[in-house]
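> Residue numbers are given in my numbering: position 186 of the sequence shown equals residue 240, and the series is strictly consecutive.
Hints in this document: simulated from the structure, not taken from any laboratory. Some clues are possibly wrong.
[Unchecked claim] Ranges between beta-carbon positions, derived for each pair:
(1) Arg75 / Thr269: 47 to 55 angstroms
(2) Gly106 / Asp222: 53 to 61 angstroms
(3) Gly106 / Asn159: 33 to 41 angstroms
[What the hints assert, rightly or not] Calculated cross-link-like contacts (lysine to any residue; reagent style SDA-like; alpha-carbon spacing at most 20 angstroms):
(4) Lys229 / Gln117
(5) Lys229 / Leu155
(6) Lys309 / Ala89
(7) Lys56 / Ser189
(8) Lys56 / Ala84
(9) Lys56 / Ala105
(10) Lys309 / Glu146
(11) Lys309 / Ala140
(12) Lys229 / Ala305
(13) Lys56 / Arg328
(14) Lys56 / Glu142
(15) Lys309 / Lys229
(16) Lys309 / Gly276
(17) Lys56 / Arg75
(18) Lys309 / Glu142
(19) Lys56 / Tyr287
(20) Lys56 / Asp104
(21) Lys229 / Ser127
(22) Lys56 / Glu324
(23) Lys309 / Glu320
(24) Lys56 / Thr83
(25) Lys309 / Ser268
(26) Lys56 / Gly262
(27) Lys229 / Arg328
(28) Lys56 / Gln117
(29) Lys229 / Glu175
(30) Lys56 / Gly93
(31) Lys229 / Thr157
(32) Lys56 / Ala89
(33) Lys309 / Gly262
(34) Lys56 / Arg67
(35) Lys229 / Phe154
(36) Lys309 / Phe279
(37) Lys56 / Ala116
(38) Lys229 / Ala84
(39) Lys56 / Arg100
(40) Lys229 / Arg216
Cβ coordinates follow ideal geometry from the N, Cα and C atoms, glycine included.
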Amino acid sequence: MKLARLGPVGEERPVLIDGGRTYDLSGLTADLDGAFLAGGGLGAVRAARDAGQLPELESVGAQRFGAPIARPSAVVCVGMNYAAHAAESGSEPPETPILFLKTPNTVVGPEDAVTIPPGSERTDWEVELGVVIGSRAAYLDSPADSMAHVAGFVLGNDVSERQYQLVDSGGQWSKGKCAPGFNPVGPWLVTPDEVDHTALRLRSWVNGEPRQDSTTADLIFGVEFLVWHISRYLTLEPGDLIMTGTPQGVALSGKFPYLRAGDVVELEIEGLGRQRQEFVAY
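Could you put the whole structure together from the sequences, leaning on the hints where they help?
And the structure:
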């Protein structure tokens, strides 16, 4: 299933997108959030769809897509999780996952404008596979237990300010990751039965020029391992978001300029949709 949230900021309506049609979910839930997922919401949507009980919405093409999961309680990110990206960052591939956090207010819609922080000269893009948690995950016994706790997958842009992340950080990457709007997500939440998350093509462009082009088959630490590993250190709640890392082809490599006001970033993961953000001055 593909679930989304349509409408202006703060007024998004939960919907199901199926077979080119859009169905209203507001009779089942007020929003696509942790409470919806924890309460068996995906099963309720599937049952209502199969029974033909969901009202169809007409003329939704021009509506804004919000992030397909409403304000998560936590956004847990994985750094340098593709070997080639670690190399372009000047580092060896990590032997254990590198974790950092983004604040929930970084999560915005897939086509919302992104504000470059005042004085920033090193704002960067990062196409990433995101994992949405469907049920609480704490101290899982093994990676084999992980997928039972996954609601679905999303496309995300882990926007970064490299000066803040790597120079001003004091070793804490989150300084360069948490400006408001620094995590566009969506357009859809796609349930695991719809995609093979182990072999998804990821791409990004800046002003129409190709930047990143890789596949999730190149992840150093895969989804199942990450959910298990993270659960050993913190409790993942329904609706939480894990960003799994970005492949090579970012500005940090030195091959491309950093973003400036007026630049347009586009990102795509097969099966998970496409994003477009204009970067604007503060």
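> Give a verdict on every hint.
Hint check:
For the pair Arg75 and Thr269, the supplied restraint of 47 to 55 angstroms is violated, since their beta-carbon distance comes to about 30 angstroms. The hinted range of 53 to 61 angstroms is satisfied by Gly106 and Asp222, whose Cβ atoms lie roughly 56 angstroms apart. At roughly 38 angstroms, the beta-carbon separation of Gly106 and Asn159 lies within the given 33 to 41 angstroms, and the hint holds. For the proposed pair Lys229 and Gln117, the alpha carbon gap of about 33 angstroms is over 20 angstroms, so the pair is violated.
The suggested pairing of Lys229 with Leu155 holds, with an alpha-carbon distance near 10 angstroms, which does not exceed 20 angstroms. This hinted pair does not check out: Lys309 and Ala89 have alpha carbons roughly 44 angstroms apart, beyond 20 angstroms. With a C-alpha separation of about 18 angstroms, the suggested pair Lys56 and Ser189 falls inside the 20 angstroms cut-off, and the hint holds. Our distance criterion of 20 angstroms between C-alpha atoms is met by Lys56 and Ala84, whose separation comes to about 17 angstroms.
Distance restraint check for Lys56 and Ala105: the Cα-Cα separation of roughly 17 angstroms lies within the 20 angstroms cut-off, and the hinted pair is therefore satisfied. Proximity of Lys309 to Glu146 is assessed by CA-CA distance (about 19 angstroms); at most 20 angstroms being required, the pair is judged to hold. For a cut-off of 20 angstroms, the pair hint linking Lys309 to Ala140 stands: about 15 angstroms separates their Cα positions. Taking the CA atoms of Lys229 and Ala305, the gap is near 18 angstroms; set against the 20 angstroms cutoff, the hint holds.
This hinted pair checks out: Lys56 and Arg328 have alpha carbons roughly 13 angstroms apart, not beyond 20 angstroms. Taking the CA atoms of Lys56 and Glu142, the gap is about 34 angstroms. The hint is violated against a cut of 20 angstroms. With a C-alpha separation of about 24 angstroms, the suggested pair Lys309 and Lys229 falls outside the 20 angstroms cut-off, and the hint is violated. Between Lys309 and Gly276 the alpha-carbon distance is near 27 angstroms, which puts this suggested pair outside the 20 angstroms criterion.
Between the alpha carbons of Lys56 and Arg75 the distance comes to roughly 11 angstroms, so the proposed pair stays at or under 20 angstroms and holds. Under the criterion of a C-alpha separation no larger than 20 angstroms, the hint pairing Lys309 with Glu142 is consistent with the structure, at around 9 angstroms. A C-alpha spacing of about 30 angstroms is found between Lys56 and Tyr287, which places the hinted pair above 20 angstroms, so the restraint is violated. Taking the CA atoms of Lys56 and Asp104, the gap is about 14 angstroms. The hint holds against a cut of 20 angstroms.
Distance hint between Lys229 and Ser127 is fulfilled; the C-alpha atoms sit about 18 angstroms from each other, no more than 20 angstroms. Of the supplied pair hints, the one linking Lys56 and Glu324 holds, its CA atoms being roughly 13 angstroms apart against a limit of 20 angstroms. With a CA separation close to 18 angstroms, the supplied pair Lys309 and Glu320 stays within the 20 angstroms bound. A C-alpha spacing of about 16 angstroms is found between Lys56 and Thr83, which places the hinted pair at or below 20 angstroms, so the restraint holds.
With a C-alpha separation of about 17 angstroms, the suggested pairing of Lys309 with Ser268 holds against the 20 angstroms cut-off. Note on Lys56 and Gly262: the hinted pairing is violated, with a Cα-Cα distance of about 27 angstroms set against a maximum of 20 angstroms. For the hint pairing Lys229 with Arg328, the CA-to-CA distance comes to about 27 angstroms; that exceeds 20 angstroms, so the pair is violated. Restraint check for Lys56 and Gln117: satisfied, since their Cα atoms lie roughly 16 angstroms apart, inside the 20 angstroms limit.
A threshold of 20 angstroms between alpha carbons decides the hint, and for Lys229 with Glu175 the separation of about 15 angstroms falls inside it, so the pair holds. Among the hinted pairs, Lys56 with Gly93 is consistent with the structure: their alpha-carbon atoms are about 18 angstroms apart, no more than 20 angstroms. Under the criterion of a C-alpha separation no larger than 20 angstroms, the hint pairing Lys229 with Thr157 is consistent with the structure, at around 10 angstroms. For the hint linking Lys56 to Ala89, the alpha-carbon distance of about 18 angstroms falls within 20 angstroms, and the restraint holds.
In summary, the hint linking Lys309 to Gly262 is supported, as the alpha carbons are separated by about 16 angstroms, within the 20 angstroms threshold. Taking the CA atoms of Lys56 and Arg67, the gap is about 14 angstroms. The hint holds against a cut of 20 angstroms. Distance restraint check for Lys229 and Phe154: the Cα-Cα separation of roughly 10 angstroms lies within the 20 angstroms cut-off, and the hinted pair is therefore satisfied. For the hint pairing Lys309 with Phe279, the CA-to-CA distance comes to about 31 angstroms; that exceeds 20 angstroms, so the pair is violated.
Between the alpha carbons of Lys56 and Ala116 the distance comes to roughly 18 angstroms, so the proposed pair stays at or under 20 angstroms and holds. Our distance criterion of 20 angstroms between C-alpha atoms is broken by Lys229 and Ala84, whose separation comes to about 33 angstroms. For the suggested pair Lys56 and Arg100, the alpha carbons sit about 11 angstroms apart, so the restraint of at most 20 angstroms is met. The straight-line distance between the Cα atoms of Lys229 and Arg216 is roughly 9 angstroms, inside the 20 angstroms bound, and the hint therefore holds.
When the structure is compared with the earlier hints, violations turn up for hints 1, 4, 6, 14, 15, 16, 19, 26, 27, 36, 38 and for no others.
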